[in-house]
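Visitor: Letter by letter, the chains look like this.
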Amino acid sequence: MTSLSLSTPRSRPLISWRVRKLLIGYSYLVPAALCLLATVVVPIFFAVKMSLYADVLYKPQDYRFIGLGNYIRLLYDPVFWLTLQNSVVWVFGSVFLQFIFGFAAALLLQQAFTGRALVRTLTLLPWIIPGVVVGLIWQWLYQPNYGVINDLLIRAGAMSERIAWLSSPDYAMAAVVFTNVWRGIPFFAIMLLAGLQAVPDELYEAAHVDGAGVLSRFWHITLPLLRPIIVVSTATRIIWTFNYADLIFVMTGGGPANATQITSTYTLTQAYATLDFGYAGALSVVLLIVMLAFTWAYLRVTKGIEEPE
Amino acid sequence: MTARRAKPSDKFERLLAGPVVWIGLILLTAFALGPFLWMLLTSLKSRTELYATPLQYLPVHPTFENYVEAWTSPVTPFSRFFLNSLWVCSVTMVATTAVSVLAGYAIARFRFAGRDALLLIFLATQMFPSVLLIAPLLTQWRALGLIDTYQALIYSNFSFTVPFTVWMMVGYFSSIPRDLEESAMIDGCNHFGALVRIVLPLAAPGIAATAIFAFVVSWSELLFAISFTTETNMRTLSAGLLYMVGQYEVQWGQLSAGVILSTVPVAILFAFLQRHLIHGLTAGAVKG
Numbered sequence: 012m013t014s015l016s017l018s019t020p021r022s023r024p025l026i027s028w029r030v031r032k033l034l035i036g037y038s039y040l041v042p043a044a045l046c047l048l049a050t051v052v053v054p055i056f057f058a059v060k061m062s063l064y065a066d067v068l069y070k071p072q073d074y075r076f077i078g079l080g081n082y083i084r085l086l087y088d089p090v091f092w093l094t095l096q097n098s099v100v101w102v103f104g105s106v107f108l109q110f111i112f113g114f115a116a117a118l119l120l121q122q123a124f125t126g127r128a129l130v131r132t133l134t135l136l137p138w139i140i141p142g143v144v145v146g147l148i149w150q151w152l153y154q155p156n157y158g159v160i161n162d163l164l165i166r167a168g169a170m171s172e173r174i175a176w177l178s179s180p181d182y183a184m185a186a187v188v189f190t191n192v193w194r195g196i197p198f199f200a201i202m203l204l205a206g207l208q209a210v211p212d213e214l215y216e217a218a219h220v221d222g223a224g225v226l227s228r229f230w231h232i233t234l235p236l237l238r239p240i241i242v243v244s245t246a247t248r249i250i251w252t253f254n255y256a257d258l259i260f261v262m263t264g265g266g267p268a269n270a271t272q273i274t275s276t277y278t279l280t281q282a283y284a285t286l287d288f289g290y291a292g293a294l295s296v297v298l299l300i301v302m303l304a305f306t307w308a309y310l311r312v313t314k315g316i317e318e319p320e
Numbered sequence: 009m010t011a012r013r014a015k016p017s018d019k020f021e022r023l024l025a026g027p028v029v030w031i032g033l034i035l036l037t038a039f040a041l042g043p044f045l046w047m048l049l050t051s052l053k054s055r056t057e058l059y060a061t062p063l064q065y066l067p068v069h070p071t072f073e074n075y076v077e078a079w080t081s082p083v084t085p086f087s088r089f090f091l092n093s094l095w096v097c098s099v100t101m102v103a104t105t106a107v108s109v110l111a112g113y114a115i116a117r118f119r120f121a122g123r124d125a126l127l128l129i130f131l132a133t134q135m136f137p138s139v140l141l142i143a144p145l146l147t148q149w150r151a152l153g154l155i156d157t158y159q160a161l162i163y164s165n166f167s168f169t170v171p172f173t174v175w176m177m178v179g180y181f182s183s184i185p186r187d188l189e190e191s192a193m194i195d196g197c198n199h200f201g202a203l204v205r206i207v208l209p210l211a212a213p214g215i216a217a218t219a220i221f222a223f224v225v226s227w228s229e230l231l232f233a234i235s236f237t238t239e240t241n242m243r244t245l246s247a248g249l250l251y252m253v254g255q256y257e258v259q260w261g262q263l264s265a266g267v268i269l270s271t272v273p274v275a276i277l278f279a280f281l282q283r284h285l286i287h288g289l290t291a292g293a294v295k296g
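Protein chains in written order, with the working numbering: chain F, 12 to 320; chain Z, 9 to 296.
Simulated from the structure, these hints should not be mistaken for lab results.
Errors might be hidden in some of the hints.
Pairwise CB distance ranges, derived in the manner of DEER restraints [said to hold, decoys possible]:
no. : chain 1 : residue 1 : chain 2 : residue 2 : range
1   : F       : Tyr69     : Z       : Val29     : 57 to 63 Å
2   : F       : Val99     : Z       : Ala212    : 56 to 62 Å
3   : Z       : Leu94     : F       : Ser179    : 17 to 23 Å
4   : Z       : Pro67     : F       : Phe229    : 56 to 62 Å
5   : Z       : Met193    : F       : Thr285    : 53 to 59 Å
6   : F       : Val99     : Z       : Phe120    : 50 to 56 Å
7   : Z       : Ala151    : F       : Thr285    : 47 to 53 Å
8   : F       : Pro267    : Z       : Ala212    : 35 to 41 Å
9   : Z       : Tyr158    : F       : Arg84     : 46 to 52 Å
10  : F       : Asn156    : Z       : His69     : 30 to 36 Å
11  : Z       : Leu128    : F       : Leu129    : 20 to 26 Å
For each residue, glycine too, the CB sits at the ideal point set by N, CA and C.
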């Protein structure tokens, strides 16, 4: 037996086919892994490290290790607690309204009408343009003297005096949330539209024959079948909105008097304007922990619902 | 054939459905497009018309002077901003696509230890706030001497393009049957050859969508652009628009022209992308 295999010496590859295949697979992953390592993993490590130091960019002489000092400062920072509160208003106000109007939009865009493809594309526009563009457009619409919103409301008799929407502590948050709603409706519209198109028509027809009205068909067929996509899109949107800083940063910079300051814009302000990297690091770590907790909870809830292809 | 009984509610529903749908569609379109339309009208107004009291809705003497001024202004050189964005986004797009095609293919085709964990990491990275990365990346680029370079912006863009595009590519590759590459490999193609000759052509639409997506999201990027550049000449469009606001009293005429100019390219690209993007989005991974 042994002599047989010896007499037909097949050159055995140095490394077996299986291992080689595995090595090829890993080598394909190297560029992506390097990208993430250099731009996400290492920076996060540094953010954690920064949060343990007194690290204000223009005070290099004060640079030193202070342990949890930045975190303790955070606990006693009333603005930080205010930003958490504001974040809740910002996130849930935005996502709730985006969802309601986005659902309505999806139901409308599902109807058959001429020019449907064009209308679908056009209504998606607010979602794809840069955040800074959205912010500037609405800043101009809200402008107290030359803004069209004040003008229309006064003409319609809804109010008698011009309102400085973005510099009023009472209206600023509502104004930025409204802008974010405008921007986010298309997101829910396309997600839910994709879900609606996957519902087989036979279900509706059968329900119709059985005498179910519009509302009951919506309630008993549409909603349950869309549940997975609703959970996925809402959760990702919540996370994204919590992290999203551009719009508020452009429109109000967190003002007036922190009325629109959310945790992510506060972190940004600390890093970008105050140049207090230590404190910004501590805020980032808190943001990260909140996000990871939420993501973990989300993955647990969606386990079994979401089946990636 | 079961004859459908006409129920009293049927007639009511049909009567209601037509007008409700139409009114809804008109409201939806007006709400989505109204602000753009207002910006477009603003950009065509001269200074006097822009700041007229009472508010003048339509430009009586439409003019392109705002566009010309924004494009050629030496203080806020919009043409320069535009080219900067074009370069940064194009390089980001090409590099991101190359990287994510390889990684997506590996994840879709090879069973290796840590595959699921890796996918999860790519998903989790999308959930990370980019404000988290600003301070450490700034320190990092400063140490490497990359402040005010295109590289700093391009590398930073990878932090949010790559995780998402890898997910998109995994989805596309998984939908392509394995048999084709396997028979190519039996015919003597190596792995890379099979990927290039068989899989890539089949995945072309998906790859195009991924590329455009990377371009569009980089086009919107603001925070990295304002943090890692200090020279006016290095500003991207988003950063440049913000810079225009910060310069002096806001020139809404020029600014609105800038807004329209920076919207057009993404709007055109998006029209191509739409169908594929929706597929990618509903496949499970979401950013933006």
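Visitor: Against each hint, give a clear statement of whether it holds in the structure.
Guide: Hints, one by one, checked against the model:
| no. | hint | in the structure |
| --- | --- | --- |
| 1 | Tyr69(F) x Val29(Z): 57 to 63 Å | 59 Å, holds |
| 2 | Val99(F) x Ala212(Z): 56 to 62 Å | 44 Å, violated |
| 3 | Leu94(Z) x Ser179(F): 17 to 23 Å | 39 Å, violated |
| 4 | Pro67(Z) x Phe229(F): 56 to 62 Å | 44 Å, violated |
| 5 | Met193(Z) x Thr285(F): 53 to 59 Å | 58 Å, holds |
| 6 | Val99(F) x Phe120(Z): 50 to 56 Å | 41 Å, violated |
| 7 | Ala151(Z) x Thr285(F): 47 to 53 Å | 21 Å, violated |
| 8 | Pro267(F) x Ala212(Z): 35 to 41 Å | 51 Å, violated |
| 9 | Tyr158(Z) x Arg84(F): 46 to 52 Å | 37 Å, violated |
| 10 | Asn156(F) x His69(Z): 30 to 36 Å | 22 Å, violated |
| 11 | Leu128(Z) x Leu129(F): 20 to 26 Å | 39 Å, violated |
In this structure, the earlier hints numbered 2, 3, 4, 6, 7, 8, 9, 10, 11 are contradicted, and the remaining ones agree with it.
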